[in-house]
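Based on the sequences and whatever the hints tell you, model everything.
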Amino acid sequence: MRLDVLFVNGRFTTLDPDRPAATRLGVFAGRIAGLDEDLDGLTAEVVVDLGGAPVVPGFNDAHHHLSMRGQRLRELDLRDGQVRTLDELYAKVAERAAGLPPDAWVKGAGYDQNKLGGLHPSREALDRAAGGRPVWLQHVSGHMGVANTAAFARMGFERVEDVPDVAGGTVGRDADGRPDGLLAEQAQGLADAVLRPVPFEDFVEGIALAGRVAASEGLTSFTEPGVGRGLAGNGAWDLAAFQEAVRRGVLPQRATLMPGSPNLHDIGDGWFGLDLGFRTGIGDDRLRIGPVKLFSDGSLIGRTAAMCCDYEGEPGNRGLLQEDAEALRAFILRAHAAGWQIATHAIGDHAIDVVLDAYEEAQARDPRPDARHRIEHCAVTSDAQVARIARLGVIPVPQGRFVSELGDGMLAALGAERSLGCYRQRSFLEAGIVIPGSSDCPVADGAPLLGIHDLVNRRTASGVPFTPAESLTVEQALRAYTIGSAYAVGEERHKGTLSRGKLADFVVLGDDLFTVAPERIKDVAVLATVVGGAFVFDGAGLSA
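Take the sequence shown: its letters are residues 1 to 544, numbered as in UniProt numbering.
Where hints are given, some of them may not hold.
[Stated by the list, open to error] Computed cross-link-like contacts, DSSO-like style, restricted to lysine-lysine with a CA-CA straight-line distance of at most 30 Å: (1) Lys522 <-> Lys92; (2) Lys522 <-> Lys502; (3) Lys115 <-> Lys522; (4) Lys115 <-> Lys92; (5) Lys92 <-> Lys107.
[As the list claims (entries may be wrong)] Here are the computed distance ranges between Cβ atoms for each label pair: (6) Pro518 <-> Arg173: 45 to 51 Å; (7) Asp383 <-> Pro465: 17 to 23 Å; (8) Asp40 <-> Trp237: 46 to 52 Å; (9) Pro465 <-> Asn317: 23 to 29 Å; (10) Glu45 <-> Gly249: 18 to 24 Å; (11) Phe278 <-> Thr23: 39 to 45 Å; (12) Glu45 <-> Ala337: 47 to 53 Å; (13) Gly268 <-> Gly415: 48 to 54 Å.
None of these hints come from the bench; they were simulated from the model.
Glycine included, C-beta positions come from ideal geometry on N, C-alpha and C.
Structure follows, in structure tokens:
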């Protein structure tokens, strides 16, 4: 047998208990043909010397909006570190507007009111900055955004007083009842109606742009939550755009796409789902359909997540459900009966109860072994909810990176006592639950090593410890970003460990995650990223 590629002189951490370490790895037809002594006597078309570098299985992000990341890379960057005050934000808007045609949109994303003195940008201030151009600035969470007067006119409201309230969302208003520009949750649909879909070629180019960046960070697989019509998607042809990106060879990663819930419908003969009966699992190892994604509530830092109790310092505010509980229940029952894996965004503890009730009823009505329904974020949970999640076999999908980037805002929203139940990790593992690693990029930085760093260290941007009892070990964090994310979409037979027969996806690192000081994990470099035995990123020139 002649291998396609033989990688030698590496320090492979395989995460396979039967063979935890290796120095050689052979690849044939994109899969691992063997390790170490399995390869004795075999030759290869290409031999790559890894120079003694540490190697781990490819990073897999279970909740990564790659297409949205690509579009944000093309827009005005308003994240913390780029703007520190509202005045700086307005100045960036003015600078961008000055370089655009008079009728062009000024689009930006990433601002966080918690880091801007607690205030969102205002419609009238954006009017002054943009010189008559329409403006849409999306909040870092993606659950709200701010429009100016010209933007409302593009939405069909020549008089801002005519902007209506929207079910499942809120339209911010000033003391006189006039819109102040803020559109939260389903109210963002007013903006989406004129801004989406992004033109097809721009969308494909955004996928390519984000894919290149993600490859440089070691990402080999991801699950995109919410393509097509819906709050997190773009348009009816999103899947076709991903297919085109794969065809052109510009998407380096393996992608699992979650269609948003508005794309599922009655298709005749009692079936419910996508046309022709497509459902979770169809596709190949480069592009496949995963769970259906639906939203139950909003954002924790935006204080729209549905909670059992009032937000800290905001009497009467417990967030909201984007749909009423009965509508969520009805959808979950139908999707489960039709064979879908279901992934529901639920951040607040009240929303989590609503979702768990529906999952439990669905399984009681139509028992399905190992359905692996998910709760995306699963942010605020009690001990009783953790135990129930374990009993029901539900997969929580928390984001470690939120702790550093958004943790101060989450602490402010919850208060000291309730924050102890926020973004639990160790509690899930100790309950016997498999947890994946995820970023929710571009809500937070998508680099997996930053996510692993935060799963281990759990400190906010201001340096405050964030429930350190929930910290993971380095091995637990690495397993989350590899084995856990594969398990979350039923792909653990093909991904997650460096084992014979599995896909040859791995990352070459500049330092050993198991020996570097925990506080330095974030500084470890990605030297190369390999998918199917081929380099998709080679920052160290290993393939030369």
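Status of each hint after checking the structure:
1. Of the pairs offered as hints, the one joining Lys522 and Lys92 holds, with about 29 Å between alpha carbons and a cut-off of 30 Å not exceeded.
2. Between Lys522 and Lys502 the alpha-carbon distance is near 28 Å, which keeps this suggested pair within the 30 Å criterion.
3. Restraint check for Lys115 and Lys522: satisfied, since their Cα atoms lie roughly 22 Å apart, inside the 30 Å limit.
4. A threshold of 30 Å between alpha carbons decides the hint, and for Lys115 with Lys92 the separation of about 16 Å falls inside it, so the pair holds.
5. A C-alpha spacing of about 11 Å is found between Lys92 and Lys107, which places the hinted pair at or below 30 Å, so the restraint holds.
6. Between Pro518 and Arg173 the Cβ separation comes to about 47 Å, which falls inside the hinted range of 45 to 51 Å.
7. For Asp383 and Pro465, the Cβ-Cβ distance of about 21 Å falls inside the hinted range of 17 to 23 Å, so the restraint holds.
8. Restraint check, Asp40 to Trp237: a C-beta distance of roughly 50 Å satisfies the suggested window 46 to 52 Å.
9. Taking the beta carbon of each, Pro465 and Asn317 are about 27 Å apart, inside 23 to 29 Å as hinted.
10. A hinted range of 18 to 24 Å holds for the C-beta pair Glu45 and Gly249, which are about 20 Å apart.
11. In this structure the hint that Phe278 and Thr23 lie 39 to 45 Å apart at CB holds, the actual value being about 43 Å.
12. The hint said 47 to 53 Å for the Cβ distance between Glu45 and Ala337, and at roughly 49 Å that hint holds.
13. Between Gly268 and Gly415 the beta carbons are some 51 Å apart, a value that agrees with the proposed interval 48 to 54 Å.
Every hint from the earlier list agrees with this structure, and none is contradicted.
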